[in-house]
Amino acid sequence: MINLGSYLGISFALFICGILVMIARKNIIAILLGIELILNASALNFAAYTKFSNNNLDGHILSLFIIVTAAAEAAVGLGIVIRFFQLRESIHIDDAASLQN
Amino acid sequence: MDYTFWTIAPIVLLPFFAFVINAFIVKKFTKLAVAISTGSIFVSFLFALRIFFDFMNVYSVGYHIHKVFPWFNLSSGSHVFEVKMGIYIDNMTSVMLLMVTGVATLIHVFSTWYMHDDPRFGRFFVYMSLFTSAMLGLVLSDNLLSVFIFWELMGFCSYSLIGFYYEKEGAGNASMKAFMTTRVGDVFFLLGILAIWSVVGNVSFVDIYNAIAAGKFNGLTISVFSIGVPVATLAGFSIFMGTMGKSAQVPLQVWLPDAMWGPTPCSALIHAATMVAAGVYLSLRMYPLMELGHLTTFIAYIGAITAFGAATIALIQTDIKAVLAYSTISQLGYMVLGIGVGSYNASFMHLITHAVFKACLFLSAGSVIHSIHCQEMPQMGGLRKKLPYTFFAMLLCCFAIAGVPFFSGFVSKDRILGDALVMAFNNPVYIPVALLGFGGALLTAFYMFRMLFLTFLGEPRDHHIYDHAHEEHLGWNSNIPLLILSVFTLGLFYSGSFTGQGEVNLFGSRNEWFSTLIHKPDAESLHHYAEYKSEDFGDVDTRDKLELPKAEYDPNHGMSEEVAHHVHYIHHVGAIASVIIAFAGIFLAFSMYVKKSISADWWAQTFVGWRRALQNKYYFDDLYIGKIIQKGLIPFNNFLAWFDMGIYDKYGVDGWAAVNRFAYTVSRWFDNTVIDSGMVDGTGWSVRAMNTILRWVQSGKIQLYFIVLIAVLAGYVWKLSF
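Line by line, the protein sequences give chains A and B. Using the numbering used here, you'd call the opening residue of the first sequence number 1 and step up by one each time. Using the numbering used here, you'd call the opening residue of the second sequence number 1 and step up by one each time.
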């Protein structure tokens with residue numbers, strides 16, 4: 001039986017996966033992937049809530065916005081990564097620690 | 001005549017401004033300074049002359065000008081403490097003003113000759129201007145406080161001028177001696193002012209007279225060494241002590257002979273004519289208080305002892321100025337004697353006549369000294385031919401002081417002696433006073449003519465000095481003052497008659513103007529002072545003086561016919577006695593020093609003990625310097641110095657320093673340990689500790705920040721959910 005709880009369970013699992021990826025991985029691109037997972041989890045939440053409520057399209061439209069925003073964010077993020085790599089010859093997150101002290 | 005500020009005040013202010021201006025310009029423009037000084041006192045003289053003629057014109061006993069201005073006011077609530085200064089001019093003041101300004105003008109003119117070659121020519125005039133303004137201020141004062149201020153100002157000038165030749169050690173010592181001696185009197189004078197203030201609540205003369213008339217002093221006593229002394233006696237005695245200091249009465253007479261270290265014109269002005277007479281003037285002003293305090297007998301004795309004692313010392317002096325100094329003390333003694341025997345009018349007259357002839361004598365002595373550069377009479381002699389004008393002036397003055405009829409000294413001194421004789425007939429207590437008075441008169445005639453004969457007559461004893469006497473150095477400014485002053489040694493200016501007895505009248509109804517206008521403030525006349533109004537300065541004096549009655553000469557002097565007859569009889573006896581005595585003194589001097597029929601050496605060898613006592617000035621200096629100062633004051637001084645250094649400095653000052661040093665150590669420890677180490681460094685340390693913690697948080701690792709973010713968010717959600 002597929003109900004709202006199932007959707008939310010998948011969404012929560014995605015979200016936790018994204019968080020874990022962001023915390024655990026040291027590769028900047030992997031962290032960007034984690035962010036994408038979190039965004040997808042939230043988009044799934046919107047879609048699921050719309051499906052099990054009054055059948056309008058608000059949640060879908062918001063999901064689309066999130067996808068677009070994620071694409072744009074990924075583009076900006078990858079641009080930053082490329083510039084970072086040009087500067088440091090590395091995409092290790094601990095190399096981006098010049099804010100320390 | 002209308003009196004405003006600008007017709008009275010210039011008398012004092014002109015010499016004072018001359019002093020202020022001269023003090024600045026005297027070094028560069030000495031001649032201008034001298035001219036300003038002399039000119040200002042001459043203009044003062046003109047103002048005084050105007051006032052004098054106004055008073056002679058009104059010719060009334062009660063005529064006076066009294067103007068006041070508030071000096072300072074410390075009243076608060078019902079407690080009144082207001083001090084007023086003012087000007088009080090009555091007949092006595094107007095005569096005194098004329099005398100002071102006139103004599104001062106002539107002495108200033110003389111000084112332009114006498115001091116001309118002195119390196120401190122200008123400075124002398126600076127002091128003289130200040131002195132003259134102070135003396136005039138004293139004469140014009142209407143209250144004891146301003147009298148005291150001017151009194152001290154005069155004293156300052158006196159000390160400065162005594163020590164004028166400060167290169168000589170004696171001059172400095174004499175200045176110090178004058179300061180110390182008059183200080184004794186001045187302290188008492190101040191005490192007297194305070195005593196009067198405590199009773200009257202004011203020190204204005206008019207208020208004091210009113211208080212005496214109202215009986216405010218009656219029954220008031222003050223405890224001195226647990227003996228009840230009437231306040232009037234205490235106040236009167238204290239003020240008389242001021243007189244004794246200033247007018248050089250026994251036992252405070254020691255400073256005046258030493259004051260002769262000063263330049264001779266300053267001796268003439270300060271130590272003969274004006275300042276020493278100011279003491280007598282003060283006693284005259286305070287006469288009702290002296291009478292109320294039953295001090296007159298005491299005063300008469302002090303005066304008589306001074307008059308006789310100083311005359312005896314003058315007998316053996318060889319320094320021409322020393323003779324004059326002792327003669328001044330002696331004559332001041334006569335004035336004080338006059339106050340004591342109630343001869344108020346004659347005492348004041350003697351003050352004026354003495355000022356004139358003694359100023360003239362000093363100026364004559366000054367021109368002798370300046371001409372031969374010597375003060376010792378044994379080296380003079382025969383100077384009559386060299387200094388004829390000086391001889392003439394000195395001869396007239398010697399006649400005056402010796403009491404030869406027709407001269408001023410006879411008029412005034414004879415009245416004092418006559419009154420003393422009247423007192424002696426009425427009260428045996430006064431017999432020694434009269435005897436000392438007449439004895440002093442004999443000695444006065446003797447020593448003055450001894451001085452005159454030794455100086456001007458006989459053969460020159462030191463030919464070197466005689467030949468170098470330069471008459472040609474005498475100028476108009478040395479001779480004219482002498483001659484003017486010597487003219488005023490004639491008695492008729494003061495009495496209106498030649499003999500002073502009122503028999504031969506020259507000025508018609510104005511005969512005896514002196515004794516007609518100047519009256520003793522007795523019990524009856526004191527009540528009139530209640531009507532005396534004082535006016536504020538600035539307003540025109542609108543009193544209609546035509547209502548004042550013209551003063552009439554009263555041949556009985558207010559006494560009944562019978563008493564007056566008796567008194568006149570005694571006065572005639574006294575007059576005849578003083579004429580005989582004066583001529584006897586002159587004859588003795590003549591036969592001893594000109595004829596040489598009496599041997600002076602024989603007298604000197606016969607009365608060796610007396611002579612020694614006189615040479616030592618009755619051992620007063622030995623007593624004061626040897627006993628009181630050496631034995632008393634200097635050990636006391638040393639004790640005080642020891643106390644100051646040994647106790648006060650050692651334990652007080654140094655002890656306080658030790659306390660401070662200890663406090664410094666403690667506070668330094670506190671500062672270093674608590675404030676610096678604990679609080680200042682503690683703040684830094686705690687900041688650094690926080691920094692260490694926060695630095696750990698600010699790792700710069702983005703994932704750590706993210707973990708914290710998540711944790712906070714989770715905590716927040718957790719909080720919202722439950």
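Hints are computed from structural coordinates only; laboratory data are not their basis. Just so it is clear, CB atoms sit at the ideal spot from N, CA and C, and this is done for glycine as well. Some clues are possibly wrong.
Restraint ranges, calculated between C-beta atoms of paired labels, are given here [as the list claims (entries may be wrong)]:
id	chain 1	residue 1	chain 2	residue 2	range
1	A	Ile-2	B	Lys-701	37 to 45 Å
2	B	Gly-682	A	Val-76	42 to 50 Å
3	B	Gly-682	A	Ala-71	50 to 58 Å
4	A	Tyr-49	B	Tyr-716	19 to 27 Å
5	A	Ile-10	B	Gly-682	53 to 61 Å
6	B	Lys-701	A	His-60	35 to 43 Å
7	A	Cys-17	B	Ile-675	27 to 35 Å
8	A	Val-76	B	Tyr-716	36 to 44 Å
9	A	Val-76	B	Thr-673	21 to 29 Å
10	A	Tyr-49	B	Lys-701	31 to 39 Å
message = Given the hint of 53 to 61 Å, is the C-beta distance from A/Ile-10 to B/Gly-682 inside that range or not?
response = At roughly 58 Å between Cβ atoms, B/Gly-682 and A/Ile-10 fall inside 53 to 61 Å, so the hint holds.
message = The hint says 37 to 45 Å between A/Ile-2 and B/Lys-701; measuring C-beta to C-beta, is that right?
response = holds, 41 Å
message = Holds or violated: the 27 to 35 Å window for the beta-carbon distance between A/Cys-17 and B/Ile-675?
response = violated, 60 Å
task = Determine whether the Cβ-Cβ distance between A/Tyr-49 and B/Lys-701 falls within the hinted range of 31 to 39 Å.
result = Taking Cβ atoms as reference, A/Tyr-49 and B/Lys-701 lie about 36 Å apart, which means the hint holds.
query = Is 36 to 44 Å right for how far apart the beta carbons of A/Val-76 and B/Tyr-716 are?
reply = violated, 28 Å
inquiry  = A range of 35 to 43 Å was offered for this pair. Does it hold for the Cβ distance of B/Lys-701 and A/His-60?
reply    = The hinted range 35 to 43 Å holds for B/Lys-701 and A/His-60, with Cβ atoms some 38 Å apart.
ask   = Using the C-beta atoms of B/Gly-682 and A/Ala-71, is the stated range 50 to 58 Å upheld?
value = holds, 56 Å
task = Could you say whether the range 42 to 50 Å given as a hint is met by the Cβ separation of B/Gly-682 and A/Val-76?
result = holds, 49 Å
request  = Evaluate the given range 19 to 27 Å for the C-beta pair formed by A/Tyr-49 and B/Tyr-716.
outcome  = Since A/Tyr-49 and B/Tyr-716 have Cβ atoms about 22 Å apart, the given range 19 to 27 Å holds.
key: A/Val-76 versus B/Thr-673 beta-carbon gap, inside 21 to 29 Å or not   = violated, 60 Å
In summary, the numbered hints that this structure violates are 7, 8 and 9.
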